[in-house]
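Enquirer: For the record, the sequence lines run as chains A and R. According to this note's numbering, the residues represented by the first sequence are 1 to 116, in order. According to this note's numbering, the residues represented by the second sequence are 1001 to 1112, in order.
Because the hints were derived from the structure by calculation, they are not lab data. Possibly wrong hints are sitting among the right ones.
As the list claims (entries may be wrong) - The calculated DSSO-like cross-link candidates involving lysine-lysine, where the alpha carbons are at most 27 Å apart (straight line), are:
hint	chain 1	residue 1	chain 2	residue 2
1	A	K71	R	K1026
2	R	K1069	R	K1026
3	A	K57	R	K1099
4	R	K1056	A	K102
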Amino acid sequence: DTGVSQNPRHKITKRGQNVTFRCDPISEHNRLYWYRQTLGQGPEFLTYFQNEAQLEKSRLLSDRFSAERPKGSFSTLEIQRTEQGDSAMYLCASSLVDGPVKDEQFFGPGTRLTVL
Amino acid sequence: SQQGEEDPQALSIQEGENATMNCSYKTSINNLQWYRQNSGRGLVHLILIRSNEREKHSGRLRVTLDTSKKSSSLLITASRAADTASYFCATVGYSSASKIIFGSGTRLSIRP
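Please put together the full structure from these sequences, using the hints given.
Expert: This is the structure in structure tokens:
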């Protein structure tokens, strides 16, 4: 399967714990995006990378959130000191910078986080 | 904050009928996209229409864009049970590199 993959698919944690999610984009895609989706809502943009550079962060991304893409391939999203309000589906997407489908983002299946 | 607002929020139709969903947005866009999300699954890109286009087709899908009214519509013809899903319109502006802003979606149910 050459699509976007995310791990884990589900994560249950206790409030105050740290969690880390991983996203593996489509191999030739140089842009990688993180979104958060709560029940009944559309996804909300969190941050994006072009290669290894983090170029934009949403105001939704508090200091407890950090994302990396160290070698311009996979990315991790870490949430420190989780709160119940962090419970959501975290989606990763990737895209190309150029070409006929450059604005089309390919989404992974998401990681569902539940904070108890 | 979400840029697009879909209308209706929920739609239930008989299999075989056509389904029309509308989307309105607030600021100038580079392009508008429609995505589908099945229950518990990821988002699937359906179609992209650029700001200089007025209509686009893909299989049973027809999308229109009216930039003067800041609105778009998605028509699904000859609906099938497998079309049951949430449909989101999503806009991409000029200032950010393909950052997508999603609406809150239309939940479409196809009755057999």
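Enquirer: Decide, hint by hint, whether the structure agrees.
Expert: The hints, checked one at a time:
1. Between K71(A) and K1026(R) the CA atoms are separated by roughly 37 Å; this puts the pair beyond 27 Å, and the hint is violated.
2. Proximity of K1069(R) to K1026(R) is assessed by CA-CA distance (about 9 Å); at most 27 Å being required, the pair is judged to hold.
3. Restraint check for K57(A) and K1099(R): satisfied, since their Cα atoms lie roughly 10 Å apart, inside the 27 Å limit.
4. Between K1056(R) and K102(A) the CA atoms are separated by roughly 17 Å; this keeps the pair inside 27 Å, and the hint holds.
Against the hints set out earlier in the document, a violation occurs for number 1 only.
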